[in-house]
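Chain order of the listed sequences is A and B. According to this note's numbering, the first sequence is numbered sequentially starting from 257. According to this note's numbering, the second sequence is numbered sequentially starting from -14.
None of these hints come from the bench; they were simulated from the model. From a predicted model like this one, the values you see are computed outputs, not experimental measurements. A virtual CB, placed ideally from N, CA and C, is assigned to each residue, including glycine. Hints should not be assumed to be uniformly reliable.
Stated by the list, open to error - Have a look at the derived ranges for each label pair, beta carbon to beta carbon:
#1 V362(A) to P102(B): 40 to 50 Å
#2 V60(B) to A370(A): 36 to 46 Å
#3 K388(A) to E49(B): 49 to 59 Å
#4 A370(A) to S127(B): 49 to 59 Å
#5 Y57(B) to V346(A): 29 to 39 Å
#6 K132(B) to Y377(A): 45 to 55 Å
#7 E136(B) to S369(A): 37 to 47 Å
#8 P85(B) to S369(A): 23 to 33 Å
#9 P102(B) to A370(A): 24 to 34 Å
#10 F416(A) to A199(B): 23 to 33 Å
#11 V346(A) to S44(B): 20 to 30 Å
#12 V346(A) to K129(B): 37 to 47 Å
#13 S128(B) to V346(A): 37 to 47 Å
#14 E391(A) to P85(B): 31 to 41 Å
Claimed, not checked - Far from chain A, by Cβ distances over 12 Å, these chain B residues were calculated:
#15 K52
#16 V154
#17 G166
#18 A414
#19 D418
#20 L484
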Amino acid sequence: MSAPAMTAIQHGLQSCGVCGLLSRPAPGHDDGRCPRCGEALAFRKHGSFQRSWAFLIAAAVCYIPANVLPVLTTTTATGSDSDTILQGVVLLWSPTGWPLSIIVLVASIMIPSAKIVALAYLLVSAQRGSVKNAEQRLRLYRMVEFIGRWSMVDVFVDTFTAALIQLQPLMSVAPAPGLFFFAAVVVFTMLAVESFDPRLIWDAASSNEVEYA
Amino acid sequence: MPDPEAPIPRAPDSRVVSKKRTRFSLVWFVPIVAAVAGAWVAVTRALSEGPQISIVFHSAEGMEAGKTKVRYNGVDIGTVTAIRLSDDHRRVIATADMAPKTESFLAEDTKFWVVRPRVSGANITGLGTLISGAYITLEIGSSKEEKRDFEALETPPVVTGDLPGRLFVLKTPNLGSLDTGTPIYFRRLQVGQVASYELDKDGKSFTVQAFVRAPYDQYVNPDTRFWHASGIDVSLSASGLNVKTQSLLSVLIGGVAFETAANAPLEPPAEANTVFTLYADRTEAFEPPPENPQVYQVIFNESVRGLTPGAPVEFRGIKIGEVTDVRAQVDLRNFAFSIPVTITLDPRRLGVNIIGRGRGLDLAIVRRRLIESMVAHGVRAQLRSGNLLTGALYVSLDFFPDAPPATIDWSQTPIQLPTIPGQLEATEATVEDVIKKIDKLPLQAIADNLRKSLADLDRTLITADQTLHSTDRTLVSARGTIDNANSLVGPNSPQAQQLTNTLQEVSRAARSLRVLSDYLERHPESLIYGKKGGPQ
Chain A
257 MSAPAMTAIQ HGLQSCGVCG LLSRPAPGHD DGRCPRCGEA LAFRKHGSFQ RSWAFLIAAA
317 VCYIPANVLP VLTTTTATGS DSDTILQGVV LLWSPTGWPL SIIVLVASIM IPSAKIVALA
377 YLLVSAQRGS VKNAEQRLRL YRMVEFIGRW SMVDVFVDTF TAALIQLQPL MSVAPAPGLF
437 FFAAVVVFTM LAVESFDPRL IWDAASSNEV EYA
Chain B
-14 MPDPEAPIPR APDSRVVSKK RTRFSLVWFV PIVAAVAGAW VAVTRALSEG PQISIVFHSA
46 EGMEAGKTKV RYNGVDIGTV TAIRLSDDHR RVIATADMAP KTESFLAEDT KFWVVRPRVS
106 GANITGLGTL ISGAYITLEI GSSKEEKRDF EALETPPVVT GDLPGRLFVL KTPNLGSLDT
166 GTPIYFRRLQ VGQVASYELD KDGKSFTVQA FVRAPYDQYV NPDTRFWHAS GIDVSLSASG
226 LNVKTQSLLS VLIGGVAFET AANAPLEPPA EANTVFTLYA DRTEAFEPPP ENPQVYQVIF
286 NESVRGLTPG APVEFRGIKI GEVTDVRAQV DLRNFAFSIP VTITLDPRRL GVNIIGRGRG
346 LDLAIVRRRL IESMVAHGVR AQLRSGNLLT GALYVSLDFF PDAPPATIDW SQTPIQLPTI
406 PGQLEATEAT VEDVIKKIDK LPLQAIADNL RKSLADLDRT LITADQTLHS TDRTLVSARG
466 TIDNANSLVG PNSPQAQQLT NTLQEVSRAA RSLRVLSDYL ERHPESLIYG KKGGPQ
């Protein structure tokens, strides 16, 4: 970035996060609302770092049981089996089924962990006021935001399977505790992304001390 | 570039909504809750982790890591997680994760075994495993010590510790068709099983562990007899053919039966692990054991073919002992062969109640006097045929008042009882006598006479035949004569015709005579004057 861009905050204006309307902040310390759409206004999202970190930590905490605990319990005539996500990947791995195995591996293990790492990087770099690679970081943020909802595919597959395969007494499938943690990981990362204010990325670049966060 | 300080005039004022702000964001509860939930799950998982055990098998047939369960009374209490070969490749070591709080199952003497479909003589077990696959089950030991490394049993134990009942020890020289699981019968009701058996160290007998279920174990008391109920017991007696069996199953696979003698005094049930003798059959089991047996010797000078050790010694049909030894001896002074037979007598079996026994009188002396007086009254030992078909002999003691007097030499050991020749010998002598008499008969003369008489008879018969022939001829001539006579008197014969004509003439003559007589009646004068009127 050659020159710091002009920002609304430098002009004492607040922009609406929904409709984009610029407005003057309310007098005093009270929060204002967008005169057009009624959205709460702030120079930057309140407690963005704090909320993002909180959700991110929650997601990271949930990520461990999500992968350690079984997500699916299969009961057949010969007994019952509980499989974790990784066991599922191993189970699916066969000369013909490997693409499916890779899909599960990418969607269920790599993407959630990548999201957590990416968000942590974004938060740390923004808090340290790094000015490097602001554009790439913004692109990373958008990617994380876009990809977030797709991680729910695993949860959907699980719930569908559990609902469809109920061939009592021959075979039945039930969700196991790991699934709830996995869903929590997805939800918490989405909330963390939602809480993060991407404008913080270039605040540092605009060489203006940000004290609203 | 506009002055950053100057406000943008057209920008509208934002609406004012007052809101309380807190320093500490409530959002931090989210990771805390997540951490608590995660920690809680981790703790429950850790608590639900049971002990890990290893079981050594001979073969992992039917077992699969991650699938094979450890079950107790049908409840899963663990899963086999890994199966590997031992370092020497001879055995299989299965590692199993047990359910939490199963430490109490893992006593020092807990026994593990694999449940597979099994067919043994008496029962079929583990059919369910055909579908569900093999599983490991266990019998909880009673030891207080815990253990984690076990050695599995090859075959499931017949008797599990939690089954109420008692184990008894049976001693038998012959295992027969007994096997682990062989049923035990009480009055033909199956009340237990053979739990195990082993050959004693001396190799002479077997020790059989027999398990009798509650409540039937109370019928086993110290007086109870056990016997082999295997197969069919066929006996032929004077009352007919006797076939005795236990249940059909025991006929096929053998069994053990026990019973207490009906007249036995009521006794408290036997303690567990009481040692009993396993008899060969029911009769043997209830035979009273010999008490204070007395050994005698009887010497026979005849063939003892058919007399074997074990043959009975009977007194007037009552079995009072048995033959224990039969051998031959020779007296070199006169080269006389004799066969001393050793017999054991159980005086109690005689059923003689000794009464009037004086105080302080030794029982041995009483017996001695008894035997002395018996011999004085003619009691002798004799060989008799017990079975005409098999030629089995037995020793009989009976009264022979005509027997030559005998005395007993009490200084000898064993004491010899006097004998007389056996029935068989006497019979042989009689038969020989008869044969000799037959031999003395003048058979040749009798035959000659007989032949002569027969020749005479032949001649007589020929004469008779000739006589019969002439008689025949006479009869033929007689018939010719009769035929002639017949033709003379026949209705169409000329004689008859002539007779008829003659009779007609006579009739006409008679009529003429009547006419004459009528005329004479009316004209009697005509007799003198002749007929008047002349001819008419």
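Results for each hint:
1. V362(A) to P102(B): 40 to 50 Å: Cβ of V362(A) to Cβ of P102(B): about 46 Å, so the range 40 to 50 Å holds.
2. V60(B) to A370(A): 36 to 46 Å: holds, 44 Å
3. K388(A) to E49(B): 49 to 59 Å: holds, 56 Å
4. A370(A) to S127(B): 49 to 59 Å: holds, 57 Å
5. Y57(B) to V346(A): 29 to 39 Å: holds, 31 Å
6. K132(B) to Y377(A): 45 to 55 Å: holds, 53 Å
7. E136(B) to S369(A): 37 to 47 Å: About 45 Å separates the Cβ atoms of E136(B) and S369(A), which means 37 to 47 Å holds.
8. P85(B) to S369(A): 23 to 33 Å: holds, 31 Å
9. P102(B) to A370(A): 24 to 34 Å: Hint violated: Cβ distance 52 Å, outside 24 to 34 Å.
10. F416(A) to A199(B): 23 to 33 Å: violated, 55 Å
11. V346(A) to S44(B): 20 to 30 Å: holds, 28 Å
12. V346(A) to K129(B): 37 to 47 Å: holds, 42 Å
13. S128(B) to V346(A): 37 to 47 Å: holds, 41 Å
14. E391(A) to P85(B): 31 to 41 Å: About 55 Å separates the Cβ atoms of E391(A) and P85(B), which means 31 to 41 Å is violated.
15. K52: violated, 6 Å
16. V154: holds, 41 Å
17. G166: Consistent with the label, G166(B) stays out of reach of chain A, its closest Cβ about 28 Å off (over 12 Å).
18. A414: holds, 87 Å
19. D418: holds, 91 Å
20. L484: Holds, since 133 Å exceeds 12 Å.
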